[in-house]
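Asks: With the hints as extra help, turn the sequences into a complete structure.
Each residue of the sequence shown is one higher than the one before, counting from 997 in our numbering.
Careful: at least some of the hints might be erroneous.
[Said to hold, decoys possible] Calculated lysine-lysine pairs in the DSS-like style (CA-CA distance at most 27 Å, straight line):
#	residue 1	residue 2
1	Lys-1399	Lys-1676
2	Lys-1342	Lys-1448
3	Lys-1323	Lys-1479
4	Lys-1190	Lys-1676
5	Lys-1661	Lys-1708
6	Lys-1676	Lys-1625
7	Lys-1614	Lys-1246
8	Lys-1708	Lys-1722
9	Lys-1458	Lys-1704
10	Lys-1523	Lys-1399
11	Lys-1281	Lys-1190
12	Lys-1704	Lys-1448
13	Lys-1305	Lys-1399
[Said to hold, decoys possible] Have a look at the derived ranges for each label pair, beta carbon to beta carbon:
#	residue 1	residue 2	range
14	Gly-1445	Ile-1568	37 to 43 Å
15	Leu-1196	Gln-1302	53 to 59 Å
16	Phe-1441	Ile-1499	37 to 43 Å
17	Asp-1283	Ile-1482	49 to 55 Å
18	Gly-1278	Ile-1577	24 to 30 Å
19	Thr-1082	Leu-1062	19 to 25 Å
20	Asn-1242	Ile-1577	33 to 39 Å
21	Val-1194	Asp-1498	26 to 32 Å
22	Ser-1709	Gly-1327	25 to 31 Å
23	Glu-1400	Val-1683	41 to 47 Å
24	Arg-1306	Val-1632	23 to 29 Å
25	Phe-1441	Ile-1482	15 to 21 Å
26	Ile-1499	Phe-1211	45 to 51 Å
Hint data in this document are derived by calculation from the structure and do not stem from the laboratory. Since this is a predicted model, take the numbers as computed values, not measurements. Glycine residues also receive a C-beta, built at the ideal position from the N, C-alpha and C atoms.
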Amino acid sequence: MSKKKKGSKNTTKEKVNNKGNIKQSIKKVQDIELDTDIIEETEDFKAEVSCDVDDAGDEFDDNHKLTFTQKLKNRVGRAWRYSIHTWIFKCLLIALPMELLLEMLGRRSIFLGFKFMVTQPIVFAYNTSIVFFTLLFALFLKKRVFGLVAISTIWLACGIINFCVLSYRVTPFAAIDFLMFLDVFSMLDVYLTKFQQVLLLFVIIAAIIGLVFLFKKSPRFEGDRKVKGTMLLCVLAWVFVWGMTNFAVKHNIISDDFANLGNAYKDYGFAYCFTNSIIDNGIDKPDDYEEETMLQIKEELDTVKQTNKRQTPNVIVIQLETFFDPKVIDGLVMSEDPIPNFTKYKEEYPSGYLTVPALGAGTANTEFEVLTGFPSGFFGAGEYPYKTTVNEAPVESLCSVLKEQGYGTYAIHNNKSSFYDRRHVYDMMGFDAFISLEYMYDLEFTSTGWAKDESLISDIMKCMRDSEGQDFVYTISLQAHGKYPIGEDTCEEHITLTYGDDIEVQQQMTYYVNQLYEMDVFIQHLKEELDKYGEDYVLVLYGDHLPSIGLTEEQITEHTLFQTEYVMINNIDLKLADEDILASDLSTKLLNALGISGTYAHRAHNYYDREVLDSKLKLIAYDMLFGDKYIYEDGVVVPESDMRMGIDVISVTGVTNETDHIVVKGENFTSFSVVYIGDKDLETTYVDRQTLLVESKKVEPGDEITVKQVDKSHHILGTSDVYVVK
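Replies: Printed below as a string of structure tokens:
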């Protein structure tokens, strides 16, 4: 017993000594001055302390008492939390349902989403791999859960936007739409009710708050993030996606040629098409692009001569918004022909079907093709050259050709000047002046807020009178623009109709057809004014695309969904045969009829066979917009011009103080005129073309007053001369 007691005393003494040693060790560790790099690496690590030093032995004993199953469960749980393989599996688990959801939203159908997955498993797997690849970037973060949710939210938001976009247009959501954000934002009242706008704002705010909350509350990853391994994984995933893309394109499983963007999204999947629209911009450099090739093309095209006698009438070209003959719609019964004048003119003058690059939207791409002669398909998926290229680079067009012939060149659009960045595009094309909505008077509007076309007549005739010689007036109309309203009394019903069993679709069609009726009256009145003016003219009319009212190929009995019509009204007896052409052929057809040599693109249309035409046009377009401009003298595509906004000069003739406001008198004010004192803009009330009011303000002698034209996006488009208050 004594030995046991002695041993017990020794054991107790050892424990005391061990405790002393532990305390000394802890003291030494506390005395160590830690390196700042170590502190930074470990400050985020929080070890969970379950017992103090005295209980460490007990904890160790408890752990050894666990069963094999419990130990295995703990190890699996730890692996699930920390293993890189587990996080890869999590990314895959998210990517699969996310891709399926994106396809359901893009097809606006749960059934069609599943059908795409089952009938096109390779394409579905390929799209899933793209979503999976983007989710891998969350593994670089300490808060991986937040990263996965944030990336998934971005994909989901894009899918929902695509779902909403397809409710009012046929063209799906693409990266180019981000560049159109300000334009779309200024037109929210057309597409969304006030309640929908408030709801949208609420959803956006809620999503942001949710992400912020998740960022704060989500757990930090406690293990080794294995940054190098994750980086290698992302590179391998990218190589896999890239290789699979090339394989799929080579074997025609998918395509990188999106002639019809809507069909491409359905055939090749949302993830692929959307990401392709992000990275595929501009014109890819042709393999055979080099100086020798371009100089050979120049030599060939410089020999192109016109065989027709040269004529220089006034040229008026009007792109009619969403205009086509609705009589070809199967199942649509109307009380009368809504476009009797257009119907008559296409029987009397050269006309035909016009194949356009857009359906339900994409006005600017039809316009680009008509003016330049280049197919917009040379550019990226869903890309608008007006927003990415032509707004910054000079481009040959119908304008520059006729300007070289001595024409005054004018552009007119009864919408804001910044839409599709036209105010910069037209400057790059060499137009002398641009009359936009901000410079127009006495406008009438549809129930959806679009300007009616009748007022365009006065602006067209104003341009005709502005110069002494011949004029080229390019006009884009607006009246039949969507979204088409649902309900009764949305328009004056000149035409009554029946169309299908869906009352809402019939109401939309009623609105649309009655806008066509009024546009047709506008065409008649414009022709009467041109006839009365007494000068030679050619009036070219064409539609930019069909409306987005759910039309199908089966419903259109005479042509495709990508065909509208054109007619060349004239009083110079143009000898032209009726023919169906592409939008990129239209300006060439017009110039050939007038006996005027066009741009290199126009000459290429005349010189090369259709089999090689596109390849030659692509070389010319690349050289002009992205290349070294080998075929242009001194690299000058279009001589610099100083385009002015509007025709009428805005001026200030007097400023007076009234009881509680300022009265500004002058000439040619519009509802977009804003009074400035120095650089300070004042809240301005438009009274009439000669009068503006500024409430609760006084001017003093020496104040410098100007009136500036300011659009809804706060761009200053022009300014009057300075008026100094006496």
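Asks: Hint by hint, where does the structure go against what was stated? Just the numbers, ascending.
Replies: Numbers 1, 4, 6, 8, 11, 16 and 22, in rising order.
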